[in-house]
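Engineer: Could you slot chain B onto chain A? The hints should help.
2 protein chains.
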Amino acid sequence: MKAELIPVGTEILLGNIVDTNSSFLANQLPLLGIDLYFISTAGDNQRRLVDTLNRAWNRADLIITTGGLGPTQDDITREAIGELVNEDLKVDEKLWQELQELLRRYLGEVPHSNIRQATTIPSAQVMPNRMGTAPGWWVEKDDHIVIALPGPSDEMKMMWQESVVPKLEGKATKGIILSRVVKTFRLAEAKVDEMVSPISKLSNPTLATYINPDGVYLRITAKGNEKTEAQRLIAQSEQQIRDILAAYVWGVDDDTPGSVVGQLLGGKSWSLATMESCTEGLLCSTIAGGRESCVYFKGGLLASCDEAKIACGVDAAIIDGYGKESIQVARAMADTARRNLKTNVGLGVGGNIDSETNSGEAFIGLSSDEFETTFTHKLRGNRSRMKQRAVHAALFDLRKILLEEVQCI
Amino acid sequence: MKAELIPVGTEILLGNIVDTNSSFLANQLPLLGIDLYFISTAGDNQRRLVDTLNRAWNRADLIITTGGLGPTQDDITREAIGELVNEDLKVDEKLWQELQELLRRYLGEVPHSNIRQATTIPSAQVMPNRMGTAPGWWVEKDDHIVIALPGPSDEMKMMWQESVVPKLEGKATKGIILSRVVKTFRLAEAKVDEMVSPISKLSNPTLATYINPDGVYLRITAKGNEKTEAQRLIAQSEQQIRDILAAYVWGVDDDTPGSVVGQLLGGKSWSLATMESCTEGLLCSTIAGGRESCVYFKGGLLASCDEAKIACGVDAAIIDGYGKESIQVARAMADTARRNLKTNVGLGVGGNIDSETNSGEAFIGLSSDEFETTFTHKLRGNRSRMKQRAVHAALFDLRKILLEEVQCI
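Those sequence lines, one after another, are chains A and B.
Residue numbers for the first sequence follow this note's numbering, so the first one is 1 and each next one is one higher.
Residue numbers for the second sequence follow this note's numbering, so the first one is 1 and each next one is one higher.
Calculated directly from the structure, the hints in this document are not laboratory data.
You may find that some hints are simply not true.
Given that identical chains are not distinguished, each listed pair holds provided it fits within a single copy or across any two copies.
Claimed, not checked - As a list, the in silico SDA-like pairs of lysine to any residue whose alpha-carbon atoms are at most 25 angstroms apart:
#	residue 1	residue 2
1	K167	T357
2	K227	D142
3	K342	I319
4	K183	Q73
5	K378	L107
6	K141	A317
7	K324	G108
8	K201	E79
9	K378	E162
10	K268	V91
11	K167	G15
12	K2	D74
13	K324	F375
14	K342	I310
15	K201	N45
16	K2	N54
17	K201	R47
18	K324	S368
19	K2	K342
So here's chain A without its partners, still in its complex pose (with noise of 0.2 angstroms):
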C-alpha cells in the first residue's frame, strides 16, 4: 500500500509553525506495511488543495490529511475532501449536539461557528477526538482511503492510536518494512560512509546514513513477509555495524545521550545532580526529560550569573582565581552540586558561547568519591547548536566514565 502525506495550512506555508505530524506518521506507516513516497503541503486554499489531492489519489492509495479541521473560515479540509470524492456536506445533528455538550462543560458557551466541526460527508466515518473539539474523518471509496486528521499533534496522535492504527491494521496486504537506527558519535558522516561500504550496497536491507545534533546515525531498513524475517535481517546488519564501528555506537532507535547514561546510573545504584551555566538549563531538562529519569537523576541547578554560582556554594576565590568560566571552576559546579544535592555523581557544565563568531568551548567537570575528572571541547555553529552540543558532550563524557568505571569492577 502507497501512502501519501498532505499538511494542511497556510501557517505552516508561512513558516509560522513547524509540522511535527509528518515526521510522526512518516515514522508509523512502515510498521503497517505501508510506503511513504511523498509529502504535500498545501495551503488554506481549497482549489490547490483539491489539485494536491487529486494528484495523491492518482499515485497513492492511502492519503492522509492533517490539519484544516478547526471551526474558523479558513479550515477546508472537510470542504476539499468532499470535493474529492464528489460528496456533498451536511451537519450531522447527533453529532452537532455532542460537540455542542462537550463545548459547554469546557468553555461555558457554544460558539456558532463550531457547528462546521460537525458536518460530514455519506463516505465519511467519523473518528472521535478525546482532547478536542474536531472529529477526525475515515473516507473509503473506489478503493482509496482518505483519513483527516486534526492539526493540534496530540490530538492527532491519540486518534491515530484509537482510531486509525486498528482500522488501518485490517487493511495491510503484503509484508512490513522495518528499522532500526544505529547511533554513533564523534565521526564524520563521509568517514562512517566509508567504513561501513562493505555493507552498504545490499538492496534489503538497506542502509542510510544522516547527520544529527548528536552524531551520525545509520538507519537500517528491512522489508520480510514476516515480522521475525524482517527482525532477523536487521539485527545481522546491525552486528556487522558494530563489528566496524565498536566504541563509536553509543545507541540504537530511541535512546538518547541521556538515557545512555541513565541506564548506566542505574546499573550501579547511582545518583547524578547538575549544576550548568552556559547551557541554561538545557543540561537538567535534557536529563530530566527522560523515561524514569527521577530513580537516578536528583536534581539540577542553573546559574546565569556568578552571584547565583557563589549563592550555591561555589567558592568565590576559584571563580576570582580562575576566571568565571574555567574548567576549575565546572569541577566546584560539579561538587557543588553533588554535595547540594545529597548525590553519588555531579556533573558542572559551563563554557563560553559567542553568537557573534559563532565558536566557543564548553569546559565539563565530573565528581564522586571515586572519581574527579575534566574535560575541554570546542564548539561551532549557531548559539542552539552550541548549547545542545556542550550538552551531549557532557553526557558522552560521563558515558565514557561509567564505562571505565563499569570495567574495573
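Structural biologist: Same frame as chain A, now just chain B:
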C-alpha cells in the same frame, strides 16, 4: 514570484528527522515578496525527485531544495537537478582542492567520497559553506531559478543569509508581503474567531487564527507596493484586534511568555529565581533560553524528588503536612528559590502529571517582599503538553501579578 520548496531525504519520509528547514524558509520568502504555495517532500530516489522538480518547474519560478548534498550515494539532489536542466555533472577541480584542504584541517584526512560534493553543472554558481562540506548551488536557466541548499539547518540558514538573500533581493519584482502575529491566551480558537469576525473578511490584510501551545495566535498578512504601505495596513489591523481582544493579548511576533515576563521584570529592575519539580527543567530552560535573560533571571533549581527539595531547603514539615505536590509546597519552593539565589522574586512550580489519564494539575507559587500568592491550574494532554502548559500558566500568572504591581505604583 512563486516559489516551491522541496525538502529531500528518505530520513524525512521515514520520520527519522523533523523538517524544520521549510518553516525557516517559509518565514523568509514573504519578506522578499515571494509567494509560497507548496512544499513537496521527496525521498532519496532520483526518478521521484526529478518528477517532483519537473512539477515544481511548471508551477513555480523559484525552486529551493534542502538536503541531499552530502557525500554519500543516497545524496542525489545534484544529479536530479542536472537531469532537470539537462546538464552533465563534472568535478570542479578548484572546488575539490578547497574541499580537500578543509577536510584535512578538520578531520585530518580526506574521505574520497567527498569528491561528489565538488561536482557541478555549467549553469550552477557554487555557494560556499563556511560551516560544513556541502557547497550550495544557484542555477539560473530559462526564466527559472533553482537553489540547492544543504540539509543541516545551521548550514542552510547561513548560506541563505549570506549567499541567497543578496541574490534574490535583486530579483524581487512587485510588491512585498509582511505579516505580524498577535498572540492571545485563555481563549478558545472559535471564540477568538467570533470576536474578530467583524474585521476578518477583508482580502488585504487577511486574518487567520491558529492554535499554539501558548495560546491562540492571529496572523495578519498584508500586501503593499512599498514596505510602508504594508506596515500601515498591519498597524491598523493590529489596533483593531487589540481593541477587541484587549487583555487577552499578551504579545506579538517573536514575543514568548518568557520574554514578556523578562521585560516586566527588567522595567522594575527585579531579579527572578525559580524552583520546579514536575516540569523537569522546562521552566528554567524556557526562561533562560530567551535573549538577555541573564539580566533578570539569576537561576533555577530542579528538584526531581522530595529529598532534593529538602536538600535545597524546603521545610520537610510542609511536605509531610500538605502532600509532596501541593500549593503549600509550591509556595515554599518559591521562597526557597528566592532565598537561595538572593533575588527579588521567586517562582515555584509543582504539580501532578499523570500520563495514564492524560490529566493533571499544576501548583504555582509566587513570592517577593511585595506579594505572595498561589494559583492552581488543571492540565490536559500528553506528558509534554502538560509540562509545557504548566510552564506557560506559571509565566502568565507571574505576568498578571507584575502588571498589577506596575499599575499600583
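Engineer: Against each hint, give a clear statement of whether it holds in the structure.
Structural biologist: Hint check:
In this assembly of identical chains, K167 and T357 lie within 25 angstroms of each other by CA distance solely across copies; the values are 24 angstroms between and 53 angstroms within a copy. With identical chains, the CA atoms of K227 and D142 are never at most 25 angstroms apart, being 30 angstroms at best within one copy and 50 angstroms at best between copies. Within a single copy, K342 and I319 get their C-alpha atoms as close as 23 angstroms, and across copies as close as 18 angstroms, so both meet the 25 angstroms cut-off. Taking the shortest Cα distances, K183 and Q73 sit within 25 angstroms of each other only across copies (19 angstroms), while inside one copy they are farther apart (45 angstroms).
With identical chains, the CA atoms of K378 and L107 are at most 25 angstroms apart between copies only, with a shortest distance of 14 angstroms across copies and 52 angstroms within one. When the C-alpha separation of K141 and A317 is checked against a cutoff of 25 angstroms, the pair qualifies neither within a copy, at 75 angstroms, nor between copies, at 65 angstroms. Taking the shortest Cα distances, K324 and G108 never come within 25 angstroms of each other, neither inside one copy (54 angstroms) nor across copies (32 angstroms). Taking the closest pair of Cα atoms, K201 and E79 come within 25 angstroms of each other only across two copies (19 angstroms); inside a single copy the shortest separation is 46 angstroms, beyond that limit.
Taking the shortest Cα distances, K378 and E162 sit within 25 angstroms of each other only across copies (24 angstroms), while inside one copy they are farther apart (47 angstroms). Proximity of K268 to V91 under the C-alpha cut-off of 25 angstroms is found in neither arrangement, the shortest distances being 61 angstroms within a copy and 54 angstroms between copies. When the C-alpha separation of K167 and G15 is checked against a cutoff of 25 angstroms, the pair qualifies only between copies, where the shortest distance is 21 angstroms, while the shortest distance within a copy is 33 angstroms. In this homomeric assembly, K2 and D74 come within 25 angstroms of each other (Cα to Cα) only across copies, at 21 angstroms, whereas the closest approach inside a single copy is 29 angstroms.
In this assembly of identical chains, the alpha carbons of K324 and F375 lie at most 25 angstroms apart only when taken from the same copy (16 angstroms versus 37 angstroms across copies). Taking the closest pair of Cα atoms, K342 and I310 come within 25 angstroms of each other both inside a single copy (18 angstroms) and across two copies (10 angstroms). Only between protomers do K201 and N45 lie at most 25 angstroms apart by alpha-carbon distance; the minimum there is 15 angstroms, versus 43 angstroms within a single protomer. Proximity of K2 and N54 under a CA criterion of 25 angstroms is satisfied in both settings, with 15 angstroms inside one chain copy and 21 angstroms between copies.
For a Cα distance limit of 25 angstroms, the shortest separation of K201 from R47 across copies, 19 angstroms, qualifies, whereas the shortest one inside one copy, 43 angstroms, does not. For the identical chains of this complex, K324 and S368 are intra-copy neighbours only, at 22 angstroms inside a copy versus 29 angstroms across copies, given an alpha-carbon limit of 25 angstroms. For the homomeric pair K2 and K342, neither the shortest alpha-carbon distance inside one copy (55 angstroms) nor that between copies (60 angstroms) is at most 25 angstroms.
In the structure shown, a violation is registered for the earlier hints numbered 2, 6, 7, 10, 19, in ascending order.
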